[in-house]
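In case you want the letters, here they are:
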Amino acid sequence: MRPHTGWVSFRSACGVVLLLARATPAPAQEAHVGNRTGHAKAGKPLYQRYCVGCHGQDGDGNGENAAWIDPKPRDFTTPVFKCRSTPTGTLPTDADLFNAVTRGFVTTNMPPWRPLTEQNRVDLVAFIKTFSKRWQTAKPGAPLTVPPEPVLTIQGILHGRELYQRMECWKCHGPAGHGDGPSAHDLTDNKDNPIRPYDFRSGTRFMCGETNQDLYRIFMTGLDGSPMPSFADQLKPADGWDLVHFLRTLQPLQTREAAIWREWVATHGSELKPIGPEGGGR
Amino acid sequence: MVKRFLKSAAPLAMMLCAAMTAPSGGTAARTYNEAYVHYSTLIPAFARKYNLPCSACHTAWPELNAFGQAFKDRGYQLGNDRDSPIWQAPAYWPISMRTTPQIHAENTTHQPIDPAPSEKTITQTGVDLSGVDFLLLGTLYKNITFGLVPTLDADGTTGLEAAFVRFDNLGSSPWANIKVGKFELDNLLSEKRFTWLSNNGGFLYAYHYQPAGSVDNYVFGLGDNQIGAEFAGHSINSYTRYSVAVLTPDDGEPGLPSGNSVDAMVSLSQAFQMGGGLGPPRIGVFGYLGHRPTTFDSVGGAPIPGTGSGFKSFTRVGATAQVWFGNLELIPLVSHASDDAALGGSTQKPEWNTTLLEAHYVATPRLLVQGRYELLRMSKQADPATPKTFGDVDALALGVRAYPFMFSRAGMAIHAEFAMTGTTGMAPLSGDGSGVDAYDPATKIWSRSLFLGFDFAF
Chain A
1 MRPHTGWVSF
11 RSACGVVLLL
21 ARATPAPAQE
31 AHVGNRTGHA
41 KAGKPLYQRY
51 CVGCHGQDGD
61 GNGENAAWID
71 PKPRDFTTPV
81 FKCRSTPTGT
91 LPTDADLFNA
101 VTRGFVTTNM
111 PPWRPLTEQN
121 RVDLVAFIKT
131 FSKRWQTAKP
141 GAPLTVPPEP
151 VLTIQGILHG
161 RELYQRMECW
171 KCHGPAGHGD
181 GPSAHDLTDN
191 KDNPIRPYDF
201 RSGTRFMCGE
211 TNQDLYRIFM
221 TGLDGSPMPS
231 FADQLKPADG
241 WDLVHFLRTL
251 QPLQTREAAI
261 WREWVATHGS
271 ELKPIGPEGG
281 GR
Chain B
1 MVKRFLKSAA
11 PLAMMLCAAM
21 TAPSGGTAAR
31 TYNEAYVHYS
41 TLIPAFARKY
51 NLPCSACHTA
61 WPELNAFGQA
71 FKDRGYQLGN
81 DRDSPIWQAP
91 AYWPISMRTT
101 PQIHAENTTH
111 QPIDPAPSEK
121 TITQTGVDLS
131 GVDFLLLGTL
141 YKNITFGLVP
151 TLDADGTTGL
161 EAAFVRFDNL
171 GSSPWANIKV
181 GKFELDNLLS
191 EKRFTWLSNN
201 GGFLYAYHYQ
211 PAGSVDNYVF
221 GLGDNQIGAE
231 FAGHSINSYT
241 RYSVAVLTPD
251 DGEPGLPSGN
261 SVDAMVSLSQ
271 AFQMGGGLGP
281 PRIGVFGYLG
291 HRPTTFDSVG
301 GAPIPGTGSG
311 FKSFTRVGAT
321 AQVWFGNLEL
331 IPLVSHASDD
341 AALGGSTQKP
351 EWNTTLLEAH
361 YVATPRLLVQ
371 GRYELLRMSK
381 QADPATPKTF
391 GDVDALALGV
401 RAYPFMFSRA
411 GMAIHAEFAM
421 TGTTGMAPLS
431 GDGSGVDAYD
441 PATKIWSRSL
451 FLGFDFAF
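Protein sequences appear in the order of chains A and B. Residue numbers for the first sequence follow this note's numbering, so the first one is 1 and each next one is one higher. Residue numbers for the second sequence follow this note's numbering, so the first one is 1 and each next one is one higher.
Next comes chain B alone, as it looks inside the complex:
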């Protein structure tokens, strides 16, 4: 039985926790943890351009407040007729950089080690680096926005996290904007503007979970930047927002590796003139319909990129909110996910539900205390023989961010965080450890992160 579960989980474990072979035939050393290094988006370049402090656009950077959201919705424009680059000093260069030197400890229970079937709790600790995000975002001209985010990981790997152009206010209407390229999906709870940095805390299972047994070429994360085109709009104060995106079925990987199909994402949200809190309360819904190939043409046994066929669908739907009680912000999110049986790698369509509640207490613009609890429950396994609880997740995160200064040129945060994730049977998708599932599928594996870092951007 143990072997059967290991076998069923092996593709996922390989996909998530080890190097995987890209459909292009080349080897892309892409692990999930690497994919989440790039939290991106706080842009001191905007602060320099407009002479506004970080706190104008961020509740506590990098999370956007209502004003920052409206600024982003307008295409990084304030709308005061000084948005075109012609108003900037010629020396102005729209670039910011962000990195996080850190001390962190990772502790993961029930990790298989040699000789099999030995298990132990693995603890990894030390001083580490997050890599660097280069954030180039701004306006090419009035109502023409661009974004370019090259990344440099601490091990020297480079990437392109975002690259897009956006045409804003088409027909002089805020309701019509189109963005083309690689960009973050319109998630109300943004993973790119996360205030969580540890391996366990900086990971939303609602956005990234894939059940055991999923086929190799099925990779998807709602929090991953995707490639495609997005048509979006908003009311003048951005209280009403919508977006519709058509996307390639490649989870943001360039080169069209999958084949000829289309994903789609829809999101709607509405804020209300209520209460005296730090921002308006908002509710929103989202839905993602994706497709992934189940077969490829091949040569010499290797798949030929772009020849995927037999596309099968998966869905993610959810609702979220943002509620303020004075300086306390609550962000609940519920979602339901299901995959086609062929993507699940067995006979049934796997289904699961997630619920999370994130709380931010913004004591001042320079002090944030935060917590999050997330649970994920499998409602149907792909393999009927799999225990119902296999893959269930409980995740807790607590953190404090203190900003020693807050002005319009750069930002720094002293960030402390503790996060722990319990996963039944599976190697935790977040955290470190050996990356191999426990021998006993009923075992609850706990992965814990303790993090102290200096998060700065300029």
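Bound-form chain A, shown alone:
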């Protein structure tokens, strides 16, 4: 006897459809950096392995170690990120997050995760983006274009010093860049945790990089979630570079900026007005 092939086929088709429906996951969160595509599914076990202790199971920065960490781990649920190439208030690019994972954050507990493979790091970025629905409703801002660095001159450094006075950078970072300005002790981040301004004596690196381009980007984009604002609306590109060149003289490094600055100060130091409430920059 011939079996009920029609009924069997129908049931089979239904089964296949149901199976496909079950097997087809919701659109997976991805990240794209260069020619690599990261997948949240692959990033999840990596997050459990490397990140969960500080950032927590829910990505809210309340991992079991958070109580012992200062500054506190990033809360991925907000999602507000300090180090971005995008304008203030916008989401960072995948490359921004990838660079942050790779570089780590100097003077915090976040180490550089450079030894992980690039694929691992892109997968982690994809998973980090699952903690906030904002990644599904908004796009990252347009990355800031860093203009070419102009020729370094003493005039530019001196102008940068004037800007440091006029833009009141000293109120937080201190007259000499030691992170001891009059407002330094009252600063808090977006979660009301105390936060300290950067001390330019502390080393070669900044939280969001170490090159002049990185430094330019920091005060043009601001560090969202911290009191450090964006100066993109107040500073022209040339002003920004002058400020970069001056800030480099505050670091304990043998830089070209520092060499030019020391040479000028040796002969013209008496012309300088102090930076601070009474100061005028030059």
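Think of the hints as simulated: they come from the structure by calculation, not from any bench. Beta carbons: idealized from backbone N, C-alpha and C, even for Gly. Incorrect hints may have been included.
Claimed, not checked - Partial pick of chain A residues on the chain B-facing surface, computed with a CB cut under 10 Å: (1) P45; (2) G63; (3) N65; (4) T108; (5) N109; (6) P111; (7) L116; (8) T204.
As the list claims (entries may be wrong) - To be clear about the criterion: a stretch of chain A counts as covered by chain B if any three or more of its residues have a C-beta under 8 Å from a C-beta of chain B, and this derived list gives those stretches: (9) 97-106; (10) 117-129.
Dock chain B against the given chain A, drawing on the hints supplied.
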């Protein structure tokens, strides 16, 4: 013939399996099994210092992952400008301890017993202890690292497994670091961060084998911590690594017991940005050129320490790799070894080759399933009359490690392992038994270990 083989193997058996007289003239009750008790290095003190879970640095502790390897290469520093002890709470003390209470059974076939020439399969079983490793490692200052590992064996014997100072990032370059003292060699497959604990499983023949007939004062293990100086460097992500070490010819024994000569070790490895596995694939090569004395000045028939002469050479060269397929890690290793005829105690240079494949399936950071197969084949015996297969080894190990919890203060693993080693003619270097070679040199002796323990560190 049996007697001849017993005679040829006797020095080795004495050296490996019984108390031996140290060149210093004192008696050092040093057996090979004792030498391997100290697996050392997982450091919850680092986890406490940096608030990172064990899994950040270990695929499954104590084996290092790529991040942990880079951390070690940097001198136990994360490189986030908080590495100097000044950043630690004054109460922080860089010490961890590790021990392994265990139940284990050892079963060894063809063991000579009284009255000769009787043989039987010996089974030894019970609850045992591993001793304690005290792991003091950290930074004295930024870019100045120290390591100190006193050990306390279960029988009360104390030792100093490691003691070194390391100057990191010389000239602000990761390519220049120098370490002086007693330390583990730069082995890609580390025996100090082994995930094997049983007598048979916790033993790499590639690192420790010495053929029958080797002279008494020739003791060497590539897995043993050695004394000397190591110049090493690495790329910023530690994907490219090298090390060059000059070492005393004493196999890590302090007091310069051998004499005036130098060993040398070179290793190179390269990892690649490939695949989506748990770590980057890596390949590496290593070579060790060693020297051991064949004669000593003596007084009253006893050798005078440090007066060794007539140094003869031995070599170990090999290649290894680390390959990831998702959560599956494969570690193959091949090596070739040869000793000078004078060290081999006969007329020919003994030579042998080893091949091993170790596999780790890291199901989660808290569950590891592992296996290893190792074979060793003699290619040339020191004594031409010795059967070619004498001393050949086949070793298999299987194990599971489960970590009930994983956080940044302490670690514990429930460890189960079965390992078996077959050695032709010789008493197995691993495992227990009577420690005496079989009467028949063609006999394959099997030594088996069954192990269940609680491996914890804090």
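How the hints compare with the structure:
For P45(A), the suggested interface contact is upheld, since its CB lies about 7 Å from the closest CB of chain B, less than 10 Å. Interface hint status for G63(A): upheld, as the beta-carbon distance to the closest one in chain B is roughly 9 Å, under 10 Å. About 4 Å separates the beta-carbon of N65(A) from the nearest beta-carbon of chain B, less than 10 Å, and the hint is met. Proximity of T108(A) to chain B holds as hinted, the smallest CB-CB distance being about 7 Å (cut-off 10 Å).
For the restraint placing N109(A) at the interface with chain B, the shortest Cβ-Cβ distance is roughly 6 Å, inside the 10 Å limit, so the hint holds. Interface restraint check: P111(A) against chain B, minimum CB-CB distance 4 Å, threshold 10 Å, status holds. For L116(A), the shortest C-beta to C-beta distance to chain B is roughly 6 Å, which falls under 10 Å, so the interface hint holds. The closest approach between the C-beta of T204(A) and any C-beta of chain B is roughly 9 Å, which is under the 10 Å cut-off, so the hint is satisfied.
Counting residues of the segment 97-106 of chain A whose beta-carbon sits less than 8 Å from any beta-carbon of chain B gives 3, enough to reach three: the coverage restraint holds. Coverage of the segment 117-129 of chain A by chain B holds. Counting CB-CB distances below 8 Å, 5 residues qualify, and the rule asks for three or more.
No hint from the list above goes unmet by this structure.
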